[in-house]
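Colleague: Take the two lone chains, each set in its own frame, and fit them into one complex as the hints suggest.
For the protein sequence lines, the chains are A and B, in the order given.
The first sequence: position 116 = 116 (the numbering used here), numbered continuously.
The second sequence: position 184 = 184 (the numbering used here), numbered continuously.
It is worth saying that the hints were derived from the structure and are not from the lab.
Ideal Cβ placement from N, Cα and C applies to all residues, glycine included.
Among the hints, a few may not be true.
Partner residues aside, some chain A positions facing chain B, computed with beta carbon under 7 Å [as the list claims (entries may be wrong)]: (1) R20; (2) A85; (3) V89.
Listed below, chain by chain, are the residues.
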Amino acid sequence: MSIFREALELARKDIVTEIRARDALPSAIALGATALLVVALAIGPDVERLRSLAPALVGVVLAFATITLADRLDAVDRADDAFVALWLVLEDPRAILIGRVISLTASLFVLELGLWVSASLLLDVELTAATVVLVPVALLSSLSAASVAALVMTLVGTTPQRTVLAPTLLLPLLVPTLLSGVQAASAVLAGSGPLVLWAGVSGAEALLFVGVGLLTYREAAKPA
Amino acid sequence: MVTSPDPSCPGQPLVGLSGATKLYGPTVAIWRVDLWVFRGDAVGIVGGNGSGKTTLLRVVAGVLDLDAGLRRVADESALARPRIALLGHRTGLYGDLSLRENLRLVALASHSRAGWRDEVLARLDLHEVADLRVSTLSAGTRRRAGLARALVSDPDLLIADEPFSSVDARHAEAMADAMRSWHASGGSLLVAGHDAATLLPVCVRLHRLSGGRLVSAVDSAAHTGRCSA
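Bound-form chain B, shown alone (with noise of 0.2 Å):
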């Protein structure tokens, strides 16, 4: 059965899942999970190790399939695909090139506005080692790169599995800063983590996944007051 979303924050729904199935041989990576994510929107996912946050976040990205259940992107009669970045466990970058040049070719391939690579660079303080080949970065560093990679091809929903893992507290609440700002000018956000704690500065709503199953929905709105059309 297909549910159709739930408002709960005002604004367009852009991606969403109904009855979302996904099985790995025997094993239940997300079972029937109902997740629409709205423009403007700043959803987190909180669950364990082995919760199924992953398969979650690249079958809402549409990387990949599902086994039952269907993934419904908003306005499918629309000629253009809403844009997704996703920040993964990997960074999506190549080894061999800079940060600037990963960034070059990213923004070139989004058609990015002029200058933003820029900022976002300035937003996460990473000036200082954008000319460096991304292999020789640590891994903390490479966090950063890689969340500069997602937002520099400015997407219409920016989603992150664990993306402050291996980051210092000072880094860590640059990249929460840059999610913010970059939500509060009109982005939408996936964000999962371990716990709610490192997901709420970032996230006006909260689920809780557990074994393949969303058990809760948290409104944080009324807490944050930052849930924006």
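Looking at chain A on its own, in the form it has when it is part of the complex (with noise of 0.2 Å):
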């Protein structure tokens, strides 16, 4: 159980780092704001409508926040080749990929959290005793994007093409997170739809990379 313990530890570090540097996650928050905010003085005092797209804009500015944030984590690691550190005393280095996609899912999750407030406030979606089933769902959307990223950054490494390559290979990749979100969100607020089973592919999304991430972590993310 050691890798988890040293797992917790690093993403601890990146959630630490995060709070002190205050860099992605807070204009991630106020970005996705600004886009609920444009989005209701585009459509106007049509409510329904608003309550209807609320779902896909998260979604979208989920799915774009997953990129800044997890380039930001990777670049703090490669900053003073404080990766190559750890790899090498790391008894196994997979508790770096589990770390990450802890720390991911944390700031996507407080991210996501953070717009459905906005969202209420911005498009009037009601969040009732009702919609605290979106917390789960949150949660699960976070983990299943946070699965993903780690997956891709870890493949993208240093290529001097990264900055092309990262968004060119997750944006893909996080389709069936937005769609099981986006599906599982509107079946909350709706009252009724398959919750389960959208929340399942978000579930099944988030295993399926991790189990990928940790068969090829040792040679994918070696720094050589």
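Modeller: Shown next, in the form of structure tokens:
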């Protein structure tokens, strides 16, 4: 179980770094809230339309924020060769991948909750006791997006074309996350629909990408 | 051709290179280098700018692949690979964390022994800055902090690339002391620098690297009498 203890410590490091630097997460939240505001102004007082668009808007912002946050965490690790230092001393370097999934999930989860609060203010989404299910749904879609991003960032590594490669690879792989997250959130807000099915899709995607990541990490992430 | 380690220093082979060659496009970084580091060894690599020291050290550390030749790890059948700490030109520390937080992370990742962190901080005279963020430290202090990071992982082999650069004489001596006492307790060292005078206080054997080739080896054990098993 030592790998999970190490992963938790590495995730803690990512979160502390992000809180102190106040870099990617605050700008992602600000950007997301701005996007919701612009859409609200563009559509006007058509409340039903605003509410129906909310899940998709949250999903799109989450997808773009995933790229920004994952890239930022990766840059912090590689800035002063800290990644190499950790790679050399860790008994099982896959702790780095698991730690990254945990920290990225936490950041995206906070972002998504912030976006739903913004959506309630700007898009008139009603957050009631019944919609508390949005919390686990947000957690699952954050986990799913984090798993994809952690793997893609590993594969892209330090290639000179990473600025282009990372979003090019990441965005198509995020489509199932986007789709399942939007469908699950829509089902919660509508009070009906195949919520379990779409939540299951998010969970399955997370399992798949974490699994592939664990199987390939030693070779894919090796700093050579 | 794979060469066997030549035990000029008593001890078990730890990490070695046979015919190691690394090219960057048409530029030769290292060329057919044979080098073994033993347990309890302290090897110095002397060379000027661009002689291939950094590449050689990163290859030995296993964080840079070879174009030709082999990197060999002693007792490859063993489950546990030798733990290597690399202090390169960069410190391997997180700037937004304090030095103490950085060392805590490394100690946890490497399962190093309890109390060792504080001992390293004391040896390198870093207690006063231990709670400051690494990004706020001066270049010389960051260098010492980098060495602390490497030592705290309690490695089998410590690889240091020009460890004393940017460090004043007093603190360079503290760094050399820390490396010496760590070596005396059984650790292995591979250190690179521009001139032999800076490496002699911490190394038992010296090699000269020029144009990526190991052109001469000087066994300084006779001078220092510190060749340890």
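Colleague: Does each hint fit the structure? Answer for all of them.
Modeller: Hints versus structure:
With 7 Å as the threshold, the beta carbon of R20 (chain A) comes within range of chain B, its nearest partner Cβ sitting at about 5 Å, so the hint holds. Given the 7 Å rule on beta carbons, the hint for A85 (chain A) holds: about 3 Å separates it from the nearest Cβ of chain B. With a cut of 7 Å, the hint placing V89 (chain A) at the interface with chain B holds, because the nearest CB-to-CB distance is about 4 Å.
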